[in-house]
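Since the structure of chain Y is already known, use the hints to place chain E on it.
Chain by chain, the residues run as shown.
There are 2 protein chains.
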Amino acid sequence: MKKIYRLIRTDGAARHGEVETAHGTFETPVFMPVGTQGTVKAVSPDILESLGAEIILSNTYHLYLRPGMEIIEKVRGLHRFMNWNHPILTDSGGFQVFSLNALREITEEGVWFASHLDGSRHFLTPAKVVQIQETLGSDIMMCLDECVAFPSTRGYVQASMDLTTKWAKASLEAKTREELALFGIVQGGMYGDLRCQHARELTQLPFDGFAIGGLSVGEPKGLMWEMVEATVPELPEDKPRYMMGVGKPEDILEGIERGVDMFDCVMPTRNARNGMLFTSRGPVIIKNARYAGDTEPLDSECDCYTCRNFTRAYLRHLFMSKEILSAILNTIHNLHFYLNLTRNARRAIDEGNFVGYKEQLIQSWKETES
Amino acid sequence: MKKIYRLIRTDGAARHGEVETAHGTFETPVFMPVGTQGTVKAVSPDILESLGAEIILSNTYHLYLRPGMEIIEKVRGLHRFMNWNHPILTDSGGFQVFSLNALREITEEGVWFASHLDGSRHFLTPAKVVQIQETLGSDIMMCLDECVAFPSTRGYVQASMDLTTKWAKASLEAKTREELALFGIVQGGMYGDLRCQHARELTQLPFDGFAIGGLSVGEPKGLMWEMVEATVPELPEDKPRYMMGVGKPEDILEGIERGVDMFDCVMPTRNARNGMLFTSRGPVIIKNARYAGDTEPLDSECDCYTCRNFTRAYLRHLFMSKEILSAILNTIHNLHFYLNLTRNARRAIDEGNFVGYKEQLIQSWKETES
Numbered sequence: 001m002k003k004i005y006r007l008i009r010t011d012g013a014a015r016h017g018e019v020e021t022a023h024g025t026f027e028t029p030v031f032m033p034v035g036t037q038g039t040v041k042a043v044s045p046d047i048l049e050s051l052g053a054e055i056i057l058s059n060t061y062h063l064y065l066r067p068g069m070e071i072i073e074k075v076r077g078l079h080r081f082m083n084w085n086h087p088i089l090t091d092s093g094g095f096q097v098f099s100l101n102a103l104r105e106i107t108e109e110g111v112w113f114a115s116h117l118d119g120s121r122h123f124l125t126p127a128k129v130v131q132i133q134e135t136l137g138s139d140i141m142m143c144l145d146e147c148v149a150f151p152s153t154r155g156y157v158q159a160s161m162d163l164t165t166k167w168a169k170a171s172l173e174a175k176t177r178e179e180l181a182l183f184g185i186v187q188g189g190m191y192g193d194l195r196c197q198h199a200r201e202l203t204q205l206p207f208d209g210f211a212i213g214g215l216s217v218g219e220p221k222g223l224m225w226e227m228v229e230a231t232v233p234e235l236p237e238d239k240p241r242y243m244m245g246v247g248k249p250e251d252i253l254e255g256i257e258r259g260v261d262m263f264d265c266v267m268p269t270r271n272a273r274n275g276m277l278f279t280s281r282g283p284v285i286i287k288n289a290r291y292a293g294d295t296e297p298l299d300s301e302c303d304c305y306t307c308r309n310f311t312r313a314y315l316r317h318l319f320m321s322k323e324i325l326s327a328i329l330n331t332i333h334n335l336h337f338y339l340n341l342t343r344n345a346r347r348a349i350d351e352g353n354f355v356g357y358k359e360q361l362i363q364s365w366k367e368t369e370s
Numbered sequence: 001m002k003k004i005y006r007l008i009r010t011d012g013a014a015r016h017g018e019v020e021t022a023h024g025t026f027e028t029p030v031f032m033p034v035g036t037q038g039t040v041k042a043v044s045p046d047i048l049e050s051l052g053a054e055i056i057l058s059n060t061y062h063l064y065l066r067p068g069m070e071i072i073e074k075v076r077g078l079h080r081f082m083n084w085n086h087p088i089l090t091d092s093g094g095f096q097v098f099s100l101n102a103l104r105e106i107t108e109e110g111v112w113f114a115s116h117l118d119g120s121r122h123f124l125t126p127a128k129v130v131q132i133q134e135t136l137g138s139d140i141m142m143c144l145d146e147c148v149a150f151p152s153t154r155g156y157v158q159a160s161m162d163l164t165t166k167w168a169k170a171s172l173e174a175k176t177r178e179e180l181a182l183f184g185i186v187q188g189g190m191y192g193d194l195r196c197q198h199a200r201e202l203t204q205l206p207f208d209g210f211a212i213g214g215l216s217v218g219e220p221k222g223l224m225w226e227m228v229e230a231t232v233p234e235l236p237e238d239k240p241r242y243m244m245g246v247g248k249p250e251d252i253l254e255g256i257e258r259g260v261d262m263f264d265c266v267m268p269t270r271n272a273r274n275g276m277l278f279t280s281r282g283p284v285i286i287k288n289a290r291y292a293g294d295t296e297p298l299d300s301e302c303d304c305y306t307c308r309n310f311t312r313a314y315l316r317h318l319f320m321s322k323e324i325l326s327a328i329l330n331t332i333h334n335l336h337f338y339l340n341l342t343r344n345a346r347r348a349i350d351e352g353n354f355v356g357y358k359e360q361l362i363q364s365w366k367e368t369e370s
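Protein chains in written order, with the working numbering: chain Y, 1 to 370; chain E, 1 to 370.
Each hint should be verified, as a subset may be incorrect.
Copies of one chain are not kept apart here, so a pair can be met inside one copy or by any two copies together.
What the hints assert, rightly or not - With a cut-off of at most 20 Å between alpha-carbon atoms, the simulated SDA-like pairs for lysine to any residue come out as follows:
1. 128 with 290
2. 322 with 34
3. 287 with 321
4. 41 with 322
5. 74 with 293
6. 287 with 68
7. 322 with 83
8. 41 with 324
9. 2 with 25
10. 221 with 11
11. 322 with 270
12. 74 with 320
13. 74 with 292
14. 2 with 321
15. 2 with 100
16. 287 with 66
17. 74 with 191
18. 2 with 180
19. 41 with 323
Rather than coming from a laboratory, the hints here were simulated on the basis of the structure.
Since we're looking at a predicted model, the values are computed, not measured.
Bound conformation, chain Y alone (with noise of 0.2 Å):
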């Protein structure tokens, strides 16, 4: 097995370091844009690129539904359909499994669900889900698993990941595209000793790089740091750290601290489509009516395409007026405020300033407007 990860310098815990896939190379602490239909919301390729995303998530599920895996063959995969010449992580689907589908089943060989789109009903295995992403192209493609709700017992959680582990088995065998990698899913509920037990199991495995599944599902803060504490340790130096699905920008810091490198969050993308922009002084809600005739850029620290060239009050203007710039001018800045989060991450570990920047940033956003 070829090792796809390289280190490249740490700082306490946190590193630096770049991952190597069938669509280039980039760079860790990464954050990826999500592109659950094949698209970022509101962002072409083009203006991906030149905000500087080097890795994309999209999601198997709802490209498994539609386009249907029919589409994908015919036109040669993902990165073609989407024209994403970057490299492109792939979710198992068994996150919307599970979060869109009252009427899943679980069985020892896979879930039955019913699609959110026309009710039809599905059956999804380990071996699938691998084909279905070997399809898709994705250089990054992720284990079926079982991503068990907050709270739940000890028990069940114990049976979930067997059956977790069970799959993880069955998704290696399933692979057959070599240049493709393929990770493990640690769960373990919010039980430290079983996250741990877990990592130790999935880590006998050959998988290319391991995520932190389950978390962000509805926990206290410190208990999901307590359970991401309880598995980094476990984890190769020698291969990437995934945190699916989180988080807030401070979350981000928070991770990369613990030695984290890939997070992915729709939080960016979907919030600037509600009216919520992060800015280096804390979160702005561009609806408020003090932005009104506001001719300050929304950020003036920021350069991006938006702040470069618009007012608050203009971007206000669209918001209210529903227009679909809005969406684009605020996605456009959101991406740009976390993927130049991660970008300075990694100047910060080169420097051996990490706990420094964090501590700088997460101050700076605490501060009240004037």
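Quick look at chain E alone, frame taken from chain Y:
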């Protein structure tokens, strides 16, 4: 009065010319993308520039109600507000007052209407409409006029014409900014002699250009062209001519052939959002199932960003998935189509081949897709 129009070349009645404004010169025939609320829907100003848009239209009625003139003054005009440093034409708001308001009330002095946003009552006079447009900083302003419904009696149209002429004079008197142009609007309903008479009345007044208003309001196409043919010969050769709110690609070609210089229409942008795309072989309804696995570009003869980078299968997927990128990519394509149409018309006029150009295009749009 300084002349803003320079004739470059004629081919029959068709004209290639250029218009000088406070924000630079644009060539005619020209298509003006519509930016109703201070944004051309679904595209940013840098994309508009890259598409070669030379002038855009915005709506006085909408901007007057939201964000309102207080904000526009604060941000020092519409160009700065929307970050568009090229010419802007604004309509007078008259059309919206008449089309969006069942409760409007016309007096000799102006028109009462209720806001479609909050029901608040407003009174617009010709002078106030000029004042609003001067605050916006429109390079080309339009007079308040009454756009009469179709059908209307000869008597009603005559009285309305007199009012529009009275308002035209009041508009000229109200104008204070020398560097901004003001156009008169020829009305006259569907009566050729009234069109002719009204054009003669208005062209006595020192307007910088003339619009043909009150067309495309439900009348048969043949009658519309009769009205254009009755009007254009009465318009001076040394001033630009603008056919308001028209139209389909073939209408623009027909208008150019009859000596019209300027056009605007929501069709390319609105139809884009509804999945109707203009191509060199006629319209494509992208949701059609036959495009589901179609790996060809939308229009293989088109060199826009959308056609260079994406397949019909992807465009259909985005449309079916209600993704914002669908509106973005479709709008880019349709605007490119319209802007290319008028750009190429200038070349055809220069070559003395406008009718050949027109007929060849109209023929190709009728071809059935294989």
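Right, here's what the structure says about each hint:
no.	hint	result
1	128 with 290	neither (53 Å within a copy, 28 Å between copies)
2	322 with 34	between (22 Å within a copy, 16 Å between copies)
3	287 with 321	within (10 Å within a copy, 27 Å between copies)
4	41 with 322	both (16 Å within a copy, 10 Å between copies)
5	74 with 293	between (51 Å within a copy, 6 Å between copies)
6	287 with 68	between (38 Å within a copy, 16 Å between copies)
7	322 with 83	between (28 Å within a copy, 18 Å between copies)
8	41 with 324	both (11 Å within a copy, 6 Å between copies)
9	2 with 25	within (14 Å within a copy, 60 Å between copies)
10	221 with 11	neither (24 Å within a copy, 73 Å between copies)
11	322 with 270	both (15 Å within a copy, 15 Å between copies)
12	74 with 320	between (41 Å within a copy, 18 Å between copies)
13	74 with 292	between (49 Å within a copy, 10 Å between copies)
14	2 with 321	neither (52 Å within a copy, 38 Å between copies)
15	2 with 100	neither (36 Å within a copy, 66 Å between copies)
16	287 with 66	between (34 Å within a copy, 13 Å between copies)
17	74 with 191	neither (45 Å within a copy, 57 Å between copies)
18	2 with 180	within (11 Å within a copy, 68 Å between copies)
19	41 with 323	both (15 Å within a copy, 7 Å between copies)
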